[in-house]
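4 protein chains.
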Amino acid sequence: MSTPNIHGIIGYTITPFTANGESVDLDALGRSIDRLIDSGVHAIAPLGSTGEGAYLSDAEWDQVSEFSLRHVAKRVPTIVSVSDLTTAKAVRRARFAEAHGADVVMVLPASYWKLSEAEILAHYRAIGESIGVPIMLYNNPATSGTDLSVELILRIFNAVDNVTMVKESTGDIQRMHKLQLLGEGQVPFYNGCNPLALEAFAAGAKGWCTAAPNLIPQLNLDLYEAVLANDLSKARELFYRQLPLLDFILKGGLPATIKAGLRMTGLEVGDPRLPVFALGEAGRGQLQGLLNALR
Amino acid sequence: MSTPNIHGIIGYTITPFTANGESVDLDALGRSIDRLIDSGVHAIAPLGSTGEGAYLSDAEWDQVSEFSLRHVAKRVPTIVSVSDLTTAKAVRRARFAEAHGADVVMVLPASYWKLSEAEILAHYRAIGESIGVPIMLYNNPATSGTDLSVELILRIFNAVDNVTMVKESTGDIQRMHKLQLLGEGQVPFYNGCNPLALEAFAAGAKGWCTAAPNLIPQLNLDLYEAVLANDLSKARELFYRQLPLLDFILKGGLPATIKAGLRMTGLEVGDPRLPVFALGEAGRGQLQGLLNALR
Amino acid sequence: MSTPNIHGIIGYTITPFTANGESVDLDALGRSIDRLIDSGVHAIAPLGSTGEGAYLSDAEWDQVSEFSLRHVAKRVPTIVSVSDLTTAKAVRRARFAEAHGADVVMVLPASYWKLSEAEILAHYRAIGESIGVPIMLYNNPATSGTDLSVELILRIFNAVDNVTMVKESTGDIQRMHKLQLLGEGQVPFYNGCNPLALEAFAAGAKGWCTAAPNLIPQLNLDLYEAVLANDLSKARELFYRQLPLLDFILKGGLPATIKAGLRMTGLEVGDPRLPVFALGEAGRGQLQGLLNALR
Amino acid sequence: MSTPNIHGIIGYTITPFTANGESVDLDALGRSIDRLIDSGVHAIAPLGSTGEGAYLSDAEWDQVSEFSLRHVAKRVPTIVSVSDLTTAKAVRRARFAEAHGADVVMVLPASYWKLSEAEILAHYRAIGESIGVPIMLYNNPATSGTDLSVELILRIFNAVDNVTMVKESTGDIQRMHKLQLLGEGQVPFYNGCNPLALEAFAAGAKGWCTAAPNLIPQLNLDLYEAVLANDLSKARELFYRQLPLLDFILKGGLPATIKAGLRMTGLEVGDPRLPVFALGEAGRGQLQGLLNALR
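Protein chains in written order, with the numbering used here: chain A, 1 to 295; chain B, 1001 to 1295; chain C, 2001 to 2295; chain D, 3001 to 3295.
Any given hint could be a false lead.
[What the hints assert, rightly or not] Cut-off 27 angstroms, straight-line C-alpha distance, at most; resulting in silico cross-link-like pairs (DSSO-like, lysine-lysine): (1) Lys-114(A) x Lys-1251(B); (2) Lys-2178(C) x Lys-1234(B); (3) Lys-1089(B) x Lys-89(A); (4) Lys-2251(C) x Lys-2114(C); (5) Lys-1178(B) x Lys-2234(C); (6) Lys-234(A) x Lys-74(A); (7) Lys-1234(B) x Lys-114(A); (8) Lys-251(A) x Lys-1114(B); (9) Lys-1089(B) x Lys-1074(B); (10) Lys-3089(D) x Lys-2114(C).
[As the list claims (entries may be wrong)] Counterexamples of contact, computed for chain C against chain D with all Cβ distances above 10 angstroms: (11) His-2007; (12) Ala-2019; (13) Ser-2039; (14) Gln-2063; (15) His-2071; (16) Pro-2109; (17) Leu-2267; (18) Arg-2273; (19) Ala-2282; (20) Gln-2286.
[Said to hold, decoys possible] Which residues of chain A face chain B? A few of them, derived with a C-beta cut under 8 angstroms, are: (21) Tyr-112; (22) Thr-170; (23) Gly-171; (24) Arg-273.
Just so you know, these hints were derived from the structure itself, not from any lab. In this text, a Cβ means the ideal position worked out from N, Cα and C, and glycines have one as well.
Build the full structure now, drawing on both the sequences and the hints.
Right, dumping it as structure tokens:
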């Protein structure tokens, strides 16, 4: 298994819908991918939380996955989220993504019933054994309902060969410190919590998984560059400049805010699927103000 | 809309799988339903949490729903859980259940992205407007990730005509007190937290939604009868007798523990779907001990 | 050691201050005690949370303790709260209370630094060994910052001879169930959470520790009597009748609300000590309304 | 009011007790202060959490306060914690500290009963109006039981003239981001959570309030210097080097671990007051190992 060098700004794609919300707008999806790549992101991640992966039918999921991989066409590495409630379905998605060219698959331990540590480990093992590409383990209790302790993450990292990266989204920066200390610096970790972008890089994160590059790619890339250049003052200044927008898109819900923002910048990608609302008028006003201030 | 009188012990069905776990065992499902009805439960609730509804494909969900309703055949009222992540899918399920004879549908505001109060209300309204049977609103933050405040529940209850019942599963008995006080005694509420069975009845709950009657129906029914007979001492005694089992099936995960228990009593219903494990050997020993003690 | 039979309604006293707030008004304290006893409470508990014990100087604490015990004069049993941050000070207070006639002392594991289980056990042991009267162990994480698990409570109960009663104030009724089950019915427990009064008695609590009898003693006593009479319907009706007041005095802060209520009923007891505010005008209006409704 | 320039490493003193634990060992206190100042800390903070201020009698508190201020003798600025449960007592301590030469007083809104925002503001206002030196507002819900929102902190900062600094110890780095953004960069904030030392400086904290310089002053100072030098890589390396010790002293309880560590380095300062235990044998072994590794 060759592990691609995943680092820097990892851009998450939205999933555009047609006007009535019933089908996926592949044309708009292609254009949103091109924008991200042209802006300079270091990798593309389709079908994550921002991509409303959880709200798609299986057929739609396959369609978006296949199209995204073909459209990226290896211009940058791809990380496809293949999480599903049952192990069998997650395995199917992981194989599908691999078969269509994904460089990495990302797995959140989605659950309805709370899972034991043994169940979570077995879930990752089953997926790992069914594919030949690396897995980025994803911890995000706010959406999955399951919080993986650092100790459990390391057990999985050590037990499943192709779990080679960790995306941390608890919002608690001390988890990254613990990953670094207990993992003896050998566990590449990535930040999935936008408002912790500066802190995660300070803590040694290799990359930032974010939907923000759909709207402010240059600020995201500049922050990463300042960190690479060891310029803390500049990184801090760049971080505080973009923080109001990062806070806004997180609190407003990524699909709603990113889709609204793309529309403001001329790319029509439809609305999120109900019950999630499109961004309301007051929210759009705020977002436009935040975007204007960053121009 | 005629509202059926839902009260007493509302038995939740499991969803039996065949040995390889790949398909639903309808024959076993029919027998488990008969057992519940023969034991005296006052209503049947298919496809709830215990029924692994979240782990079924759409085709399987339809199959289980249709079969369960036909098999119950109005011997007792039915309450079908139709929750789904998108409003469109939940509406489809609600209509399907109504078309096949469900007396009530139950709706949990399942979510991936956190929903605002307006989004939750719109979700219930859309489902309510699409069917002619009553909705039991279900609050269970542990599985849905969304906690509905009593105030929000009452707003929905007042705004959506066919939301006429509330199932409360937070584990906080004070929610029921608040429903009773703020609802001025006009909001029928049902308990969905097994270890609160006694307290919920003391607080005035009309019924107890539970998978326990798959294993100990008589004790469940006796507790309800003692409450109807205004005999607190007897109710307390009956409650403490069954509490160790109620605690066990909840902590062990209802699909795993109920399926193991049914097997012990001679009904083979297969295992839960992975990543959920079947009950392990130690757990089976404990469960057998608890069941023996209650004979 | 003879253990007094502590049961029923255990009335908590306030600590009246003079107009400038600088000294204790013993005359008013005596009258408030007489009111409680005349109304029929089964025991008196001075210097609890309601009694602002934490806000008194050591000299004041001694003064209130000595006066209260002398004034109750064994008409009913007394339970004096002797909690303090250091073990040495709590021991001193426990001895003082015993020397002046307390029947029971109550101990909350007050802490600034989080205590380990061994530290908590040693604290109870040291106090227990220094006195000859029983200790009521008190668990109230909201004020003490320390939550004692049921397992730890039982370890202390078993390890320290004169810890013979438990007061539970977490607001989680399942703690009482667990005390009852794990304690095999041998651990007398008392409810310290007003809005759980009905549920705690349903669960088997021997008594209710409450400041409410300062304002509505008859309703409190009637609820207890209904439970003794095994009349659940009547107990439920009585509970819901007084619940709005119970909720109000808890949320408004017991010293502020009880002192305001006593003033409304003709007994001037001053205000709480700053930084705690006296009940504001809006609150007084609400309280008067609640009291009027219960007349 | 002249505001001293408080910045960098702010060293917290322990309070040494004599062998029987009954009185304060002023000689040892003087030597521990000299060590801190000689090691280069930028300020000294007596009677904080580490100093067991909450466990002292009023007479002891006065003694330690007066001695510490006289012994520091303006070699570096001093910040005396004057928190107390009642406003009157906190005012008394604040005046005492000012009268004996404190440059700054620190106030935690210590509480037994939960305080409203108005009560907290009034508490700070009353203290502020009674003294002429600046107040460092201290937010630490883990010890005070009260969590001050950033909005409330800013209200107090704006309403009370001599509240001019904020010490944040929630452990949530996003609070500092919010203080920086909402305070428009005008609110000097200090970090009180040892394991967030790197992140707080990255976020722009002016100083680090810490007991660690009692044991590893050079590493603490070096981290601050690396940040001043804008050298993120070096700061990160220095942070991870000292993090195991920072984690250890926090989790083990600062009085117990710092006192044990001082003893290991030749300064006998006695044990913490009961119920807090001295560090046990296993803990001492760990601490010695951590200290050895940092030599």
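Minimum C-beta separation from Ala-2282(C) to chain D exceeding 10 angstroms: can you confirm that?
At about 12 angstroms from chain D, Ala-2282(C) clears the 10 angstroms cut-off, so the statement holds.
Between Lys-1178(B) and Lys-2234(C), is the straight-line Cα distance small enough, at 27 angstroms or below?
holds, 19 angstroms
Confirm or reject the statement that His-2007(C) sits farther than 10 angstroms, beta carbon to beta carbon, from all of chain D.
holds, 28 angstroms
Interface hint status, Gly-171(A) versus chain B (Cβ within 8 angstroms):
With a closest approach of 14 angstroms, the Gly-171(A) hint is violated.
Non-interface claim for Pro-2109(C): all C-beta distances to chain D beyond 10 angstroms?
Non-interface label on Pro-2109(C) violated, nearest chain D Cβ at 8 angstroms vs cutoff 10 angstroms.
10 angstroms Cβ clearance of Gln-2286(C) from chain D:
holds, 15 angstroms
Hint validation: Tyr-112(A) versus chain B, beta carbon distance must be below 8 angstroms. Holds or violated?
holds, 4 angstroms
Status of Ala-2019(C), Cβ more than 10 angstroms from any chain D Cβ
Holds: least Cβ distance 15 angstroms, greater than 10 angstroms.
Restraint status (C-alpha distance of Lys-2178(C) to Lys-1234(B) at most 27 angstroms):
holds, 19 angstroms
Ser-2039(C) remote from chain D - nearest C-beta pair above 10 angstroms:
Nearest chain D Cβ is 25 angstroms from Ser-2039(C), so the label holds.
Proposed proximity, Lys-2114(C) with Lys-2251(C) (alpha carbon, max 27 angstroms):
holds, 26 angstroms
Does Lys-2114(C) sit within 27 angstroms of Lys-3089(D), going by the straight-line distance between their CA atoms?
holds, 24 angstroms
Of the numbered hints given earlier, the model fails hints 6, 7, 16, 18, 22 and 23; all others are met.
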